[in-house]
Amino acid sequence: MLRASGLTKQYGAHTALDRLDLDIRAGDIYCLLGANGAGKTTTINLFLNFIEPSAGTVEINGTDVTRHPVATKQDVAYIPEQVTLYGTLSGLENLRFFAGLALGHELPRKRLLELMTEVGLDHAAADKRVSAYSKGMRQKVWIAVALAKQAKALLLDEPTSGLDPQAASEFSGLLRRAADSGVAVLTTTHDLFHAQQTATRVGIMKRGRLVESLDGEAQIAQTDLQSLYLQHMRA
Amino acid sequence: MKTRMLLSLVARREFLERLRDGRLYWAGGLVAVLLFTALAVGWAHQREARAEQQAAQAMDYRDWLHQDRRHPHDAAHQGMHAFKPEAALAMIDSGINPFIGSTVWLQAHRQSEVKFNAAQDATGLQRFGNLSVGWILQVLGPLLVIVLGFNAFAGEREQGILRQTLSLGVPPLRLLGGKALALAASLAVLLVPAALVAAVAVAVGAGEGERLDALLRLAAWALGYAVYLGIFVFVVLGVSAASSTSRMAITVLLALWIGQAVMAPRVMSELSRAWFPSPTRLAFNQALGAELKTVSDQVWQKNFGTTERWGRDVPLSKWGIALRLDDQASYPAYDRHYGRLWDTWERQQQVQEWSGLVLPILAIRSFSMGMAGTDFAHHRSFTTAAELHRRRIQDLMSEDLVAHADPMGDRHFAYQAAPDLWATVPPFDYHPPHAGWALAHQARSLAVLCAGLLLAAAFAAFATLRQRAL
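For the record, the sequence lines run as chains A and B.
Okay, so the first sequence: first residue is 1 according to the working numbering, each after it adds one.
Okay, so the second sequence: first residue is 1 according to the working numbering, each after it adds one.
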């Protein structure tokens, strides 16, 4: 579903991503770990065609992202670290707007409220202006957008950063349910605990290169992820 | 269907946000108050000017008719005055009227300039221009578009919303279309009510026979401003898409606004005068005087065998004929000199209209004045009509001298015409050209504005497609 082959991104002499190969299948939750500047967000940005690769290819559902930037976005939902919404609109109005953009038609209020409930926002919160929302609440609205879109793949950039433990746990549950329904998930994170709890596959990046791959929940469960991560960072 | 839904969705969201963040109320409200104030001032001024013009024209003609028995040439020297009627749309754009005068003296022998302009009676504040609906739309209209739209893309990019929006697979051009629609709707909310009030004011203020024409002019005038503001909608969105931050966007846009609203009119005015220099008043008068003397000499030489005018060589019994010949010989000279001068001014105007491709204010200024009937072309039409009336008066007076004074031999000066001669001169009844004439004269400005709109839309599309999400 999400495939990168020899994916490279250079900014002048600096190589932000170096020949990355990834193949994330439907049902996978792939966690990319790494320090700041390791190339995790660059990878996400390349999948979204926000930046163009210096070399290599990126495909979503078999379609080249660089050649078909708009069409490939129909199959993915992206959740950034900092979700920003229109502060003068309510959560429900934001959801109506973004879901409408994603789907090409407007959803009825009833369906919008169902989506809000599904992500843990009650009706009272739904009608409040977003300027009064916490970071977690804003993120939930955006997850509702992703749910409305019924995307085949999710791209998440540090999604649990800044969330309280309960919100992070709820979020992990949402990811697992999505993966169980056949969605391919690529998420970047610093949160080793979240990765260990959620991921079916883990990749560790360092200075733009993928230096370690763990495949399967069993292997991840048996690995001391923290020690492995620190070992790579210190090397 | 999907395109229309996306455009509508984006437009509604943008419009709602603009309403809720207060920009539309404050910036738009201020402009709306200014518009209605300018309209009220224009309306009051127009009513006053029209009443004065009609009263003065009637009184002047009454004075002409009520002359006692007198020598026709004395009457020709008294002449009449032609008072320029205030155009129905002058209340929304006074154009060049305040600077060019409203009254022309139709005197013997000489084509007079139009005098008594409002600027002569004004204080130094006149330098800052008139508060007219046209001026507000030309100068403050673009500023309003900038305030409402400078952060349409740049602000969303800074906040991260643009990245999220584009991640949904929205075609960037539909985003541009929706934002353009929202800006247009924001402007329409403010300007359509003002336009309706203006239409009522124009319809009520216009004379019986000119109402339809005035409304047609107003419709074309409004179309011109829609195109003009449309240019700025796309320029603002294009700059916003091309700018990395909203601060950068507003800096660039304000620089553009200052350039086009403050600097361009002055610079282009100087440039157009440099390209098509017009003579100084002294040089013009000297050249005209020289040619008048030459043609007069030729006429006197040919008809009376002398170039000494009004001397003993020509008997008094021929002075009526001499007057007529002298006057009629001067007409083509006046036509040539004034024609050349006016053609030069029109070429200067054309330079400014073409400059409208990059400085739309110059094109809309011309179009606005043209449709309002307050531009130089309309002034030329009035001046030409007044001059034709002057010639008619002169010819009638001279013909009467030929018919009555000349047969009296050397008693040329003793002849006194009866008052019924004065009634043979009709009142000066000037009707400005119709809307189609004005539109044809302004076709270039309108074409330049339309081309500007296409260029601005192309720029906005290019900038939107090339913009970075991050």
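To be clear, the hints were calculated from the coordinates, so they are not data collected in a lab.
Worth double-checking, as some hints may not be accurate.
Calculated cross-link-like contacts (lysine-lysine; reagent style DSBU-like; alpha-carbon spacing at most 35 Å) [to be verified]:
| id | chain 1 | residue 1 | chain 2 | residue 2 |
| --- | --- | --- | --- | --- |
| 1 | B | K293 | A | K152 |
| 2 | A | K135 | B | K2 |
| 3 | B | K318 | A | K128 |
| 4 | A | K128 | A | K152 |
| 5 | A | K110 | B | K2 |
### Query
Is K128/A within 35 Å of K152/A, Cα to Cα?
Within the cut-off at roughly 30 Å; holds.
### Message
Please verify whether K293/B and K152/A have alpha carbons no more than 35 Å apart.
### Response
violated (93 Å)
#### Entry: Hinted pair K318/B and K128/A, Cα distance within 35 Å
violated (98 Å)
### Query
Given the proposed pairing of K135/A with K2/B, does the C-alpha separation stay at or below 35 Å?
holds (32 Å)
### Message
K110/A and K2/B were given as a pair; does the straight-line alpha-carbon distance stay at or below 35 Å?
### Response
It holds: about 22 Å lies between the C-alpha atoms, which stays within 35 Å.
The earlier numbered hints that this structure contradicts are 1, 3.
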